[in-house]
Structures are given as C-alpha cells and as structure tokens.
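K.L.:
Counting in the working numbering, the final residue of the sequence shown is number 173, and the numbers go up one at a time with none missing.
Hints may contain errors.
[As the list claims (entries may be wrong)] Now the in silico label distances, taken between C-beta atoms and shown as ranges:
#1 Gly110 with Pro66: 31 to 39 Å
#2 Glu11 with Ala151: 15 to 23 Å
#3 Asp37 with Gly95: 31 to 39 Å
#4 Gln161 with Arg84: 30 to 38 Å
#5 Arg127 with Ala69: 28 to 36 Å
#6 Gly112 with Glu155: 18 to 26 Å
#7 Glu99 with Ala39: 18 to 26 Å
#8 Ala69 with Pro172: 35 to 43 Å
#9 Arg60 with Phe12: 18 to 26 Å
#10 Ala39 with Pro6: 16 to 24 Å
#11 Ala83 with Glu155: 19 to 27 Å
I should point out that these hints are in silico values taken from the structure, not numbers from a laboratory. Don't be surprised by glycine CBs; every beta carbon is placed ideally from N, CA and C.
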Amino acid sequence: MTEQPPRVRAEFFRTARLDAVPLAVEHAAEMAAVLSDPALHVFIGGTPASPDDLRARYERLVAGSPDPAVSWCNWVLRLRQEARLVGTVQATVVGAVAEIAWVVGSPWQGRGLASEAACGLVALLARRPSVRTVIAHVHPEHRASESVARAAGLEPTEVEQDGERRWRLELPR
Numbered sequence: 001m002t003e004q005p006p007r008v009r010a011e012f013f014r015t016a017r018l019d020a021v022p023l024a025v026e027h028a029a030e031m032a033a034v035l036s037d038p039a040l041h042v043f044i045g046g047t048p049a050s051p052d053d054l055r056a057r058y059e060r061l062v063a064g065s066p067d068p069a070v071s072w073c074n075w076v077l078r079l080r081q082e083a084r085l086v087g088t089v090q091a092t093v094v095g096a097v098a099e100i101a102w103v104v105g106s107p108w109q110g111r112g113l114a115s116e117a118a119c120g121l122v123a124l125l126a127r128r129p130s131v132r133t134v135i136a137h138v139h140p141e142h143r144a145s146e147s148v149a150r151a152a153g154l155e156p157t158e159v160e161q162d163g164e165r166r167w168r169l170e171l172p173r
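Hey, can you work out the whole structure from these sequences and the hints?
P.N.:
Right under this line is the structure:
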C-alpha cells in the first residue's frame, strides 16, 4: 500500500494589496454579496448563491475532501486598503498536481487583483515540495482569466475539458 503524502492545508498568505485568509464558514454572508453579480457566472455557469447556500457550501469545503488523497484549499481575499473581502482563490491538490481557480467580485475587477492573488497562490504552492504541477481550466473566450493564468506563469495546452482549455505550469524542483 502506497502511503499518501500529507494533505496540503490552506495557510494565510499576503500579496502587495491582499490578505489571503483561509476560508471559514463565517465568510459566507460577506462573500454572498461579493459574488452576487450574475455576470460572474457567464463562463463558470450557475447563479449567485444565497448567503445560506454559500454557508452550506463553505461548511463542506472547510470540512475537507472525504478522499484523504485530495486536499481542498480555499481562501477569501481581503483587500487591505478597503478592509473588505473581494474574492477567492482555491487549489485542489491531488498527488503532485494542484488545480487552481480564482474569482474577484465585479466591483474590484480590472485592478489586477486576480492576477496578484493567483501569483501569490502559485508562489505558495511552489514552496510545497509535493506539488510539481499547477493547472487551471479557463474558458477560451474568457480573456481576463487567460491573462490571470498567464500572469501566474501558466501556459495554455491543447487539452480541453468541459469546454475549457487547460493551462499548465511545471514548477522548478
């Protein structure tokens, strides 16, 4: 039987303007407002979640994956200058691969916050010896997310999954 590497945990990290705070259930009410714009769901699907629905989702995320080989790492992004939450980043780590995603609320878009957060997340993952590859899935018409992936060092591949292109970064070891 192969021993599983220890789970990766979300740990606080900072960027120039953001505090990435490990997700807590208590973030649901404020994040429901941050994520309330239906335009955020054009490429990812779904609709904005109510505070109660988001709270239930955050309870599941905070509890962690039921699979011991999978780590769910989720952060909320606090913009220090405004002292408020503005988005999220996440990493799902399976073996040596971390799949990342990001979202910044509509009022804060266009300021480079998603790129800053994604770069900070990749830097954090690069310090984890067990993580060797970072991937993201980006809709081919979502130019802003392509820019975020590129800023974080990922490059597009030819692989498509569920209508999204896989972006990839091999971390130096």
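K.L.:
Could you run down the list of hints and mark each one as holding or not?
P.N.:
These are the hints, each one checked on the structure:
no.: 1; hint: Gly110 with Pro66: 31 to 39 Å; verdict: holds, 38 Å
no.: 2; hint: Glu11 with Ala151: 15 to 23 Å; verdict: holds, 22 Å
no.: 3; hint: Asp37 with Gly95: 31 to 39 Å; verdict: holds, 35 Å
no.: 4; hint: Gln161 with Arg84: 30 to 38 Å; verdict: holds, 34 Å
no.: 5; hint: Arg127 with Ala69: 28 to 36 Å; verdict: violated, 21 Å
no.: 6; hint: Gly112 with Glu155: 18 to 26 Å; verdict: holds, 20 Å
no.: 7; hint: Glu99 with Ala39: 18 to 26 Å; verdict: holds, 24 Å
no.: 8; hint: Ala69 with Pro172: 35 to 43 Å; verdict: violated, 24 Å
no.: 9; hint: Arg60 with Phe12: 18 to 26 Å; verdict: holds, 21 Å
no.: 10; hint: Ala39 with Pro6: 16 to 24 Å; verdict: violated, 39 Å
no.: 11; hint: Ala83 with Glu155: 19 to 27 Å; verdict: violated, 36 Å
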